[in-house]
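Participant: For the sequence shown, the working numbering begins at 1 and goes up steadily by one.
None of these hints come from the bench; they were simulated from the model. Do not take every clue at face value.
[As the list claims (entries may be wrong)] Ranges between beta-carbon positions, derived for each pair:
no.	residue 1	residue 2	range
1	161	225	35 to 45 Å
2	168	231	18 to 28 Å
3	109	200	32 to 42 Å
4	208	231	12 to 22 Å
5	225	87	33 to 43 Å
6	131	224	34 to 44 Å
We treat Cβ as the ideally placed atom computed from N, Cα and C, and that holds for glycine.
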Amino acid sequence: MVLTCVGVGTAVLHVLEPDLKIDGITVMLLVVAAVPWLGELFRSIEVPGLGRIEFREIERRIEAVQRTANAALVGDGPEGGAVDDSAAWDMVKELAAEYVNVRLELSSGRARTRRMDQVFARLVRATQRVRDFDAGALLGSQDAGLRLAAYARLYVLPEPEVLDALVDAVTGEPLPFNQYWGLQAVGRGVEDVGAENVPFGVVRRLEDCRSRMRHAPDRVELIDRILEDLGER
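Whole structure, please, built from the sequences with the hints as guidance.
Facilitator: Printed below as a string of structure tokens:
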């Protein structure tokens, strides 16, 4: 129990500080900290410098880090895994279809989210292997799986010229899971181009999107981080 509490406390310091990046220590601590019965022992802990943190909030943020880490771990640049374009594109389409099927076959919950995260992680790898991937075109697709493929590509390989269209797609995205990873891609895009080069109107669209969100703390937090990077919060 002591080890678990130490793991949670240290993980909080690594995860909740906005300037800290995901590293091997954080990932290791996730394993130490993710003990199902811990939430039954106490509802919050006091963290020096951060104040009182609700355990469920810690759990939610740790899960967010796990999701990002899992997606990042499968990335392997286009030069390292380049294959025939037709075969690579076929794999992207298969994964897009698998994502849609998972949404249809499983009821909403953690099990479905885990399955969809696994598909997204594979899309991160697969989309890098398509040499002439047209993310801009897929952002407007009616197919949720193909839109997710575009988010996966832009998450790992940001394209400055597509950032404006990405923000449009994400702020109008009807599916929470897609929107979550789309916002992750927006965050990567903002980091890539620099706040001073972000297209005019992006801040307003993100703020409008945030104002419409209800019961979506994970996505609200992502938008807040992006706005902070843009100097707006």
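Participant: Going through the numbered hints above, which ones does this structure break? Give me the numbers in ascending order.
Facilitator: 1
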